[in-house]
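A.B. asks: So for the sequence shown, the working numbering puts the first residue at 1; every next one is plus one.
It cannot be assumed that every hint is accurate.
Unchecked claim - Straight-line alpha carbon distances no greater than 27 Å define the calculated DSSO-like cross-link-like pairs of lysine-lysine that follow: (1) K112 / K129; (2) K112 / K254; (3) K92 / K263; (4) K92 / K158; (5) K260 / K192; (6) K112 / K187; (7) K263 / K187; (8) K129 / K158; (9) K263 / K192; (10) K260 / K187; (11) K382 / K427; (12) K245 / K192; (13) K158 / K187.
Worth flagging that the hints you see were computed from the coordinates, not collected in a lab.
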Amino acid sequence: KAGPSLTRSSQPRLCHPSQPRMETPPSLWRFLATQGEGLELLWAVIAEQNPTDSKAAVLELGADGRNRVWGGCCNPNLSLGVSGHTVSSQCKILRCNSEYVAATLNLRGSNKNAAYCNALRSYSHCTRKTARTCRGDLAYHSAVHGIEDLMIQNNCSKEGPTSPPRPRLPAPNHQGFESLDICNYEKNFFHKNGRAPAYQHCAAFGDPHIRTFHDDFHTCRVEGSWPLLDNNYLFVQATSYPVAKGSNATVTSKLTIIFKNMKECIDQKVYQAEIDNLPAAFEDGSVNGGERPGGSSLTIQERLPGQHIEIRAIYIGTTIAVRQAGRQLSFSIRTAEQVARSFTEEQDLQLCVGGCPPSQRLSRSECRHGSIAVETARVLCKEKLPVEDVYFQSCVFDVVTSGDINFTLAAHGALEDARVFHPDAEKLHIFQTGAGCCHLSLPFLFLSIMSSLLAIQLHF
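Work out the full structure, taking the sequences as your base and the hints as a guide.
C.D. replies: Written as structure tokens, this is what we have:
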């Protein structure tokens, strides 16, 4: 932020004899006080090295790389607001300046001079590293000359140890937290609210069955394309087709997920999955949010080739799982509550928010019999879903309706996602009385009830 403070002995090089000596006006110092945290650090160094008259010392740079106040005199070509000079974005002289200031702030003890020389050598080394990109930059050349003067005045040799590099933090943004935290929802939220954010979970699998953000559970006939989510950050659309000819039940055959453009963090990214095509990349072939500084806050990973993809959007506190089991796709999401609620009245049709419209809901108690009997389906589903909750009931419904035993994997995968994604473990299981397939024989019904009670006891 600021360059070295030169003593009065170096003034002749910078001040023409015809220029009048003048004290820095108080109004200018007040203005400079608003120009960034680097200046108060510099003033501490100036005051320490020039205890008799710190204001007469040279202020090498202002926070914007162009302010100049030369000790005791003003250079009209370099004065505040006159010169149009600004440090090039490629020139790293401001970083060198701030590292020098930080290294010389708290020098104490008998080895103070040695430590100061170490800091100057580090400063010199930093300027040499950025020399190529700073050619013709006035701030850079002023700093180089200042370092030479200070090394001579303090009898510092050019060769010797340097100050250890300080750990670098991202520059703070105008809101006061680290710039990279803009693209980390949890850190950003905690900084503003002093607590962790609340999360919500939604899933669509099988027939499809929808578990909403509010833990409602519906089985839907929705054929064609329907939005699961449509808010300020995400758009998710599921496309479904009938599970069998003449059946009201449908399965998801295509998922489209759009991560909307977020200026500070990511470019807009689109992910599309279809049956037998679960890519481990976005449509443009990338696996992250793009070239922006926060691009790494959106990533895609292949958990199981061709069967399980996970997308993490840290910048909005969201994780999405896309799975294929048999001839159907499933979708699960864990997202920050504020993100889930960030939509307008025009975006009110979202299956994750309101569930299926009443006209599109199916009763799981009325199974359309296929090639697999209800009793057989229950046995198959019980192997992976010991608790007879809505996941178990959905599994039986799907296996009976479709005749495809792979639907046991779909329900099991959805339950496993809920186990990881749902913020409240006590709400993992949802129980709906009378929602399962009927037409059981009495002995089998009795056996099912007893086994369910035993499974619940073992689970809890």
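A.B. asks: State for each hint whether it applies.
C.D. replies: Now for the hints, and whether the structure bears them out:
As the CA atoms of K112 and K129 are separated by approximately 26 Å, the hinted pair is consistent with the 27 Å bound. Of the pairs offered as hints, the one joining K112 and K254 is violated, with about 68 Å between alpha carbons and a cut-off of 27 Å exceeded. For the proposed pair K92 and K263, the alpha carbon gap of about 25 Å is at most 27 Å, so the pair holds. The hinted pair formed by K92 and K158 meets the criterion: a straight-line CA distance of about 21 Å does not exceed 27 Å.
For the suggested pair K260 and K192, the alpha carbons sit about 23 Å apart, so the restraint of at most 27 Å is met. Our distance criterion of 27 Å between C-alpha atoms is broken by K112 and K187, whose separation comes to about 39 Å. At roughly 18 Å between alpha-carbon atoms, K263 and K187 fall within 27 Å of each other, so this suggested pair holds. For the hint linking K129 to K158, the alpha-carbon distance of about 15 Å falls within 27 Å, and the restraint holds.
With a C-alpha separation of about 20 Å, the suggested pairing of K263 with K192 holds against the 27 Å cut-off. Pair hint K260 plus K187 holds up; C-alpha atoms about 21 Å apart against a cutoff of 27 Å. As the CA atoms of K382 and K427 are separated by approximately 20 Å, the hinted pair is consistent with the 27 Å bound. Restraint check: the Cα-Cα separation between K245 and K192 comes to about 54 Å, which exceeds 27 Å; the hinted pair is violated.
Straight-line distance between C-alpha atoms of K158 and K187 comes to about 44 Å, which puts the hinted pair past the 27 Å bound.
Of the numbered hints given earlier, the model fails hints 2, 6, 12, 13; all others are met.
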